[in-house]
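Undergrad: Numbers 1 to 327, taken from our numbering, label the letters of the sequence shown in order.
In case anyone wonders, no lab produced these hints; they're calculated from the structure. Using N, Cα and C, we set each Cβ at its ideal position, and we do this for glycine too. Any given hint could turn out to be false.
Using C-beta positions, here's what the derived DEER-type ranges look like [as the list claims (entries may be wrong)]:
| id | residue 1 | residue 2 | range |
| --- | --- | --- | --- |
| 1 | VAL124 | GLU164 | 34 to 40 Å |
| 2 | GLU223 | GLN98 | 30 to 36 Å |
| 3 | VAL124 | ILE83 | 15 to 21 Å |
| 4 | ALA36 | GLU164 | 41 to 47 Å |
| 5 | ASN9 | PRO259 | 37 to 43 Å |
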Amino acid sequence: MQKLFKQFNNLHILIIGDVMMDSYLWGNVERISPEAPVPIISVSKKENRLGGASNVALNIQALGATPHICAVVGTDIEGDEFIKILQTQNLSSQGILQIANRPTTVKTRVIGHHQQMIRIDAEVDEELSEENSMLLLSRINQILESRKIDAIIFEDYDKGVISEYLIEKVVKLAKEKNIITLADPKKRNFLSYKEVTLFKPNLKELREGLKIEVDAGNADVLELAVQKLQKKLQADMVMVTLSERGVYMKSKNGSKIIPAHVRDIADVSGAGDTVIATAAVCLAAGLDEFNTAAISNLAGGLVCQYVGVVPINKEELLKEVEAISPT
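Whenever a hint applies, use it, and build me the whole structure from the sequences.
TA: Structure, rendered in structure tokens:
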């Protein structure tokens, strides 16, 4: 496994999708407001972090690979701050498009006594104009032409950056260049990710995308739902994350449920980002789909032990993987 993890260091991964800034207000609850029956948070710390597709990039970086992000932010203070944070994290802003009249997505989490108390979202989810979509596609092309890319991740949060047109163009380019593609979908483009290498919905997204009820505890029902999905998308692999039940992987080589490991869960924010990032580097390094699912499952569980959106710790993950599969 050490050899596999060392291979990650040579990989270049392109992430396309919705970036956002995760803003945190940390503090203590000491009393109830006299104005309304709500707690008063005495703020002791403020912090801005990279979120959404940029959190996937942080996970790619933490695993040793080199991430390249193609995304959109506003020409606002938050957009400038986002690019500044990218630079402090040693991440390239080459693929970031700053456009006017579109605010940067900011998700503010208020945390008191190590528990998230409220989240405030400032965002728009309108699709990009045709002009801006073409500009983004041009940035994607520049990156694909400038270096060898080993995998492309679509990180879709339904904020309007990814469209059916963009997906179709990028998947076609990837096939021409023999690059694997992975999709972390949301509702709007769910059935647009045709012919990707790996499609990774969670259970809620699977239900909403197919408009059917799926019980994670019923393996036969899950199998039928994924068969239906695979037929529509013609994806090589489908990996469904099942929260506390683990992950379900289906490919031409069969299907398998990989159970989750028992942990103390502090915060599930960002776990899906970690799962898709881990799957991308594992597949790009040549690992088979079932071991990829197992390692991704471990990685997603590990980050849930920490409050807030945090990237995976590579050494911690390697230690857990070796404990389960020493070879």
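Undergrad: Next step is simple, just say for each hint if it's right about the structure.
TA: Consistency of the hints with the structure:
| no. | hint | in the structure |
| --- | --- | --- |
| 1 | VAL124 <-> GLU164: 34 to 40 Å | violated, 19 Å |
| 2 | GLU223 <-> GLN98: 30 to 36 Å | violated, 45 Å |
| 3 | VAL124 <-> ILE83: 15 to 21 Å | holds, 19 Å |
| 4 | ALA36 <-> GLU164: 41 to 47 Å | holds, 44 Å |
| 5 | ASN9 <-> PRO259: 37 to 43 Å | violated, 30 Å |
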